[in-house]
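Dock chain B against the given chain D, drawing on the hints supplied.
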Amino acid sequence: MDKSILKNPFFKANPITVLVLGVCSALAVTVQLKGACVMALSVTVVTGFSSMLVSSIRNTIPNRVRIIIQLVIVALFVILIDQFLKAYAYDVSKQLSVYIGLIITNCIIMGRIEAFALGNKPFPSLVDGLANGMGYGMVLVVIAFIRELFGSGTLFGLQIIPQSWYIANGGFYENNGLIILPPMALIIVGCIIWAQRAVQKELQEEQ
Amino acid sequence: MKLNTNSNIYTIIYTTILVVLVAGVLAFVSTALKPKQQENIALEKMQSLLRAARLGDDASAQNNKSEYIKALYSEHMTNDFVLDYEGNVIEGEAFEIDLQSQYNIIKKIVAAKTPETAQALREQLQLPVFVCTIDEKVLNIVPCYGAGLWGPVWGYIAVEDDFETIYGAVFDHKGETPGLGAEIAHAPFYNQFVGKKLSKEGEFKSISIVKGGGQADNPNGVDAISGGTITSQSLEQAIAMWLNEYQAYFNIKRAAIGSDDCCGEECCGEEHNHDQNGKEPCAGEGCVCKKDSLNHESHEQYTK
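Chains D and B are the protein sequences, given in the same order.
Last residue of the first sequence: 207 (the numbering used here), numbering continuous.
Last residue of the second sequence: 511 (the numbering used here), numbering continuous.
Isolated chain D, as found in the complex:
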């Protein structure tokens, strides 16, 4: 199996920073690290397993209804995850609210199924799906790290910035309220893309 299937989604063909897919949810669920991690994990599971399942039945799917069939399979995994979160991680499920359900519409999943799983064997499809999910999740976690640290002064809910630094306690520091809001997340995504393109010159378009 080609190693690039595993490696590309992280940097060279990262779903968010290079393919610019799934940006909507990247802005919505990255206020806190915990939510971002659960979202990353959920998307990874959904992309991985729906890719594998679609790939294993790819020769039997009637071509005319293939998008609907794929959607049913993706929806199956999303609802399963939603149900499990409601049962075992209720707080996170409430916090992510509609965004778990909206994984169905995450372009990464359908994109990978259409572009990869329909033409490849199940195992490479599974790896491709998982890797894409993780590539997406990696960016999510980076954004959430920045947003939670500078927006709330915490990481995973634990106070990182000392209480005594805050203006309210006679210090000099204040949380940046702007970072909590989605527009700032878009700017952070932009900065990450900028940084990545500065390092990986081959991503830059020719003038």
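Keep in mind that the hints were calculated from the coordinates and are not lab data.
Where a beta carbon is used, it is the ideal one built from N, C-alpha and C, also for glycine.
Check before you lean on any hint, since a few could be wrong.
Some chain B residues near chain D, calculated using beta-carbon distances under 7 Å [unchecked claim]:
{"#": "1", "residue": "T212"}
{"#": "2", "residue": "F235"}
{"#": "3", "residue": "S237"}
Structure of chain B alone, referenced to chain D:
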């Protein structure tokens, strides 16, 4: 023989089988996980009720959150009961009452064309009350439920034992817009309700949620959420509708507070806690005039 995967029959059979299979898996998982999910929902309700009584804010920091909430709930939630429209205690499990079905009745009452239909509908009402005791303080917690912008909004309001002052309130929603209407579920909004009054010049008056309503000299209003006008208005309406139905009960209790039955004739003569031992009970179960539950100052307020 190679199957023609593009024929109509094949497509129909294929999709049918797939959908049935998927539905079967989902139905199985949903049934299997239901008890666990119900438990989470019940726990959340407990936490909301405790929050309305300004308890359990530190629950998230606990190692075993569910145990902590359950312990706190059984410690403070001393009683709960169901009322009919006249304020009498009827049979029923307050915790199990579905607020949505009650809301549907209340909605019909408000829309009823004749007093007779409204009356007939009123008789179906089952209104839950939760009694919370914090040290000497006895709080009555009543729910409210209504339609927000995208889905239901609901909440719990804890009323002090004068049945007039709000001790605390908490609200939640199914799917209001994050950052706008969804702010009703956050402390800066619902903490505004603390200390507000449910009456004006002796008459019942609900809390109005309007722009600039939160001024200190306005005991009946709180600030609405900017950008969340429809949610604010629906919540205001929901609170008014529900509290209106509870007025019968509140009036009984208010009358009982002022009367001799409850507090005894010597109430105001000297400084002491009211001792209702041996007196006639006020209104049966859930009476707030328990022994030592009223101190002197609050009594003066009622008799004024």
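Hint check, failures only: 2
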